[in-house]
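2 protein chains.
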Amino acid sequence: MRAVLLFAHGARDPAWALPFVAIRDAVRSAAPGLRVELSFLELMQPSLPDTAAGLIADGATELTIVPLFMAQGGHLKKDLPVLLDDLRAAHPGLTVHLTSAIGDVPELTRAIADWVVGAATRA
Amino acid sequence: MRAVLLFAHGARDPAWALPFVAIRDAVRSAAPGLRVELSFLELMQPSLPDTAAGLIADGATELTIVPLFMAQGGHLKKDLPVLLDDLRAAHPGLTVHLTSAIGDVPELTRAIADWVVGAATRA
Chain A
1 MRAVLLFAHG ARDPAWALPF VAIRDAVRSA APGLRVELSF LELMQPSLPD TAAGLIADGA
61 TELTIVPLFM AQGGHLKKDL PVLLDDLRAA HPGLTVHLTS AIGDVPELTR AIADWVVGAA
121 TRA
Chain B
124 MRAVLLFAHG ARDPAWALPF VAIRDAVRSA APGLRVELSF LELMQPSLPD TAAGLIADGA
184 TELTIVPLFM AQGGHLKKDL PVLLDDLRAA HPGLTVHLTS AIGDVPELTR AIADWVVGAA
244 TRA
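So the sequences go chain by chain: A and B.
Reading the first sequence from the start, the letters are residues 1 to 123 in my numbering.
Reading the second sequence from the start, the letters are residues 124 to 246 in my numbering.
Be careful, since some hints might not be right.
[What the hints assert, rightly or not] Below are the DSS-like pairs computed for lysine-lysine, each with C-alpha atoms no more than 30 angstroms apart in a straight line:
hint, chain 1, residue 1, chain 2, residue 2
1, A, 78, B, 200
2, B, 201, A, 78
3, A, 77, B, 201
4, B, 200, A, 77
No lab work stands behind these hints: they were computed from the structure.
Isolated chain A, as found in the complex (with noise of 0.2 angstroms):
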């Protein structure tokens, strides 16, 4: 089984996961067939590493993990590579794909500047 675990900063505001609240509820939408779960990095609950392994207890072989960040920061470029070193040696079975983080894929950040294009001409 495949799944998809997003990963997100966290913040001590419960306010603050609302938008990845909204992201994994529209995942689930459009793939109803999907596993996916929400998880955090520092100050919110779940963590990656307990949110991995409840995947796998339910059957995933195969993780899709999506950093929910706008750029590449030093939480990508070194707490998450750390991270999931400790998930594969914890789980050596288990096939790991890493996405590229939201500001690195092109098709967004054109959906972005288009938003923004409308909204300086609305507001």
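Could you slot chain B onto chain A? The hints should help.
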């Protein structure tokens, strides 16, 4: 004159800014008549106040400020309102429009979700 001021967090690594530069350039391509500049909260230059002052010196009377953040954290809830209050106090004739953060725009969270579904089936 109306202008757009993109506002991102900033980081020590210069490469961090690339997605935001890509968004700025895509806005310029999509709307060649629209003046758009990129500014940062911290760790990178130019700042929001300096960039706004430059736009106003060039004739901007209306600024649409676009927070290029995925979610509403302390930077948008506490730091940005102070910057906007200072901006209005320094430039009493200026009209300021503030847009939603990226993650609060349903069409953008849907675009991200659609891309996640694609990435999960492609990767």
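Okay, the hints, checked on the actual structure:
Distance check on the hinted pair: residue 78/A and residue 200/B sit about 28 angstroms apart at the alpha-carbon level, within 30 angstroms; holds. For the suggested pair residue 201/B and residue 78/A, the alpha carbons sit about 28 angstroms apart, so the restraint of at most 30 angstroms is met. Using a Cα cut-off of 30 angstroms, the hinted pair residue 77/A and residue 201/B holds, with the two alpha carbons roughly 28 angstroms apart. Restraint check for residue 200/B and residue 77/A: satisfied, since their Cα atoms lie roughly 27 angstroms apart, inside the 30 angstroms limit.
Checked against the numbered hints given earlier, the structure satisfies every one of them.
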